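Asks: Now for the letters of each chain:
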Amino acid sequence: MARRMPELGRVFVQAESELGAINMALGAAATGARVMVSSSSPGISLMAEAMSYMAGSGTPMVLVNVMRAGPGLGGIGPSQSDYFQATKGHGHGDYRVPVLAPASIGEAMDLMATAFELAERYRTPVMVVLDGILGQAMEPVELRFRNPERHAFDWALTGAAGRPARIIKSIDLVPEVLEKRNLNLQRKYAEISRQEVLWATESMEDADYVLVAYGTAARVARSAIEKARARGIKAGLFRPITLWPFPSRELARISRHAHAILTVELSSGQMVEDVRLAVEGRCPVGFHGRMGGLVPTPDEVVGALKALHGKVERTRERDREQQQKRHDGRSEAQSGLHRAVVDGPPERTHRTEAGVNASGRDGGER
Amino acid sequence: MERSVVFSGFGGQGLLFTGQVLARAAIKDGLEVFWIPSYGPEMRGGTASCTVILADHPIGSPVVDRFDAAVAMNLPSLRKFAPHVAPGGLLIVNTSLITSQTSARADIDELRLACTELAARGGDDTLVSIVALGALVARLGWVTPDSVRAALREISARKRPEIIEADLGVFAAGLEAGRVGVLA
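Line order of the protein sequences matches chains Y and S. Each residue of the first sequence is one higher than the one before, starting from 1 at the first, in this note's numbering. Each residue of the second sequence is one higher than the one before, starting from 1 at the first, in this note's numbering.
Keep in mind the hints are simulated off the structure, nothing from the lab. Keep in mind the model is a prediction, meaning the values are calculated, not measured. The beta-carbon is built from N, C-alpha and C at its ideal position, and this holds for glycine as well. Do not rely on the hints blindly, as some may be mistaken.
As a list, the in silico EDC-like pairs of lysine to aspartate or glutamate whose alpha-carbon atoms are at most 20 Å apart [said to hold, decoys possible]:
no., chain 1, residue 1, chain 2, residue 2
1, S, Lys80, S, Asp56
2, Y, Lys227, S, Glu2
3, S, Lys159, Y, Glu7
4, Y, Lys227, S, Asp65
5, Y, Lys188, Y, Asp172
6, Y, Lys234, Y, Glu317
7, S, Lys80, S, Asp109
8, S, Lys28, Y, Glu202
9, S, Lys28, S, Asp107
10, Y, Lys227, Y, Asp206
11, Y, Lys169, Y, Glu250
12, Y, Lys88, Y, Glu191
13, S, Lys28, Y, Glu7
14, Y, Lys234, Y, Glu202
15, S, Lys80, S, Glu110
16, S, Lys28, S, Asp65
17, S, Lys159, S, Asp125
18, Y, Lys227, Y, Asp208
19, Y, Lys227, S, Asp68
20, Y, Lys227, S, Asp56
Computed far set for chain Y versus chain S, every beta-carbon distance over 10 Å [said to hold, decoys possible]:
no., residue
21, Ser17
22, Lys88
23, Ile133
24, Phe153
25, Leu183
26, Thr201
27, Val220
28, Ala252
29, Arg253
Cβ pair distances, simulated, as ranges [claimed, not checked]:
no., chain 1, residue 1, chain 2, residue 2, range
30, S, Pro87, Y, Leu46, 23 to 33 Å
31, S, Gly88, Y, Leu8, 28 to 38 Å
32, Y, Met109, S, Arg160, 39 to 49 Å
33, Y, Glu191, S, Phe10, 52 to 62 Å
34, S, Asp65, Y, Glu179, 26 to 36 Å
35, Y, Arg316, S, Gly88, 55 to 65 Å
36, Y, Ser268, S, Arg79, 45 to 55 Å
37, S, Arg160, Y, Gly162, 17 to 27 Å
38, Y, Glu7, S, Pro58, 31 to 41 Å
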């Protein structure tokens, strides 16, 4: 970038600090320039305040986070432990930003144009999240450059000669007016949630088990699915591309037919919370993750999937036996009680998940 | 088909470069490729490595724990990666630096090459990793030698055009050594 941007007559600035970088970006974006900033986890934390100001003032900008292992200074290995930070607000105040998560370098290239489109269409900062694997790897790509169409920036600070002055700000000290601003923001977020959800699926046609993963974890899941299918477990991949808005509706639909869902992340389990919110107990949701800069191996994931498969099979077997008993003339009261225990999603789901977490970690074929 | 190889040795032995040459050759042969350098604290131990994955389908997991082939250019690399070569896999050991130690594994093909001497014979004794690449290509045939030559030309033309002829000479020496299997 440092070499290429000046060649194209554009500007590349190596900022003196993260705060400097993000606030320069805010200033440049306020003039209607297309601006991108990139950093890795701790640097992104330092940028939270300005992200909130940009969300509040409707300033478009793209922020790339190549996630590394935390918390604190942590390490430099790959990670997905900034999911909460990216999707649940980042800075202070009632706001969200669209979050895009490519799983390959070619997709990262395609999604950069999408990121700028979203930023400008909705006048919002947008995040693109990668991890230390995709940040360092090389892959062949098809060069498909797309230069998003410019919107009329009738809000940008371009010099007020011959027209009334414009003001870009997030401050508003009149509560009623500030609430109105917030309601406008929420309408914008509702619109984004309706219009801009992206996801991908693989091998889902006949899948009994669904792996939910994004970025590098989705690639590990892809290898695990191939191995699991070779062992007779029909698994498929559901890959969120927008982490916010999360593809909840589509995942909910899939969960109606799935035997179980296994979420794989390079974290202690962050996206899995959104998976559970989407699934609403319709099927068991297991989790497998690694931390500290480590990446799960496909064998590990297959181990977790086999454990989940075992639990599901045992539960189904129990259900069948109990159904048989009911047929055999048990009293209505007893079977009613029984049904409450067997079918009650909180208890059964909870037990299954706890078991999967424990056995998934130890039961992998490493 | 999916194959993985790790190139490992001291920084400066050209391992990351050599991995890129293989990756570019594979693209020419119509394969999917993933190239990733080593990351994390191991870089500070003086060892540099990169992994290259080649496949005829979209590549899944970028992290490999069993390699179809490994190139160990120094002793720490031999110790680190020899246990991770898949049974039946290929291990290339640079005997110019690793004089007596072996993988002690009977279930793999351990090819021992004096890379410095072979590189000198090819035209430049610093291009040790290109020897290993030549031997790997001769032994396993994952990519065609022509694609490697074209990749070498392209990459070196950008960065060090003066060295292209030496690169090609050393690659030829590596190919020959891989075919013969022993260095006289």
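Asks: Of the numbered hints stated previously, which ones are contradicted by the structure, given in increasing order?
Replies: Result: hints 1, 8, 9, 11, 13, 16, 23, 27, 30, 31, 32, 34, 35, 36, 37 break, sorted rising.
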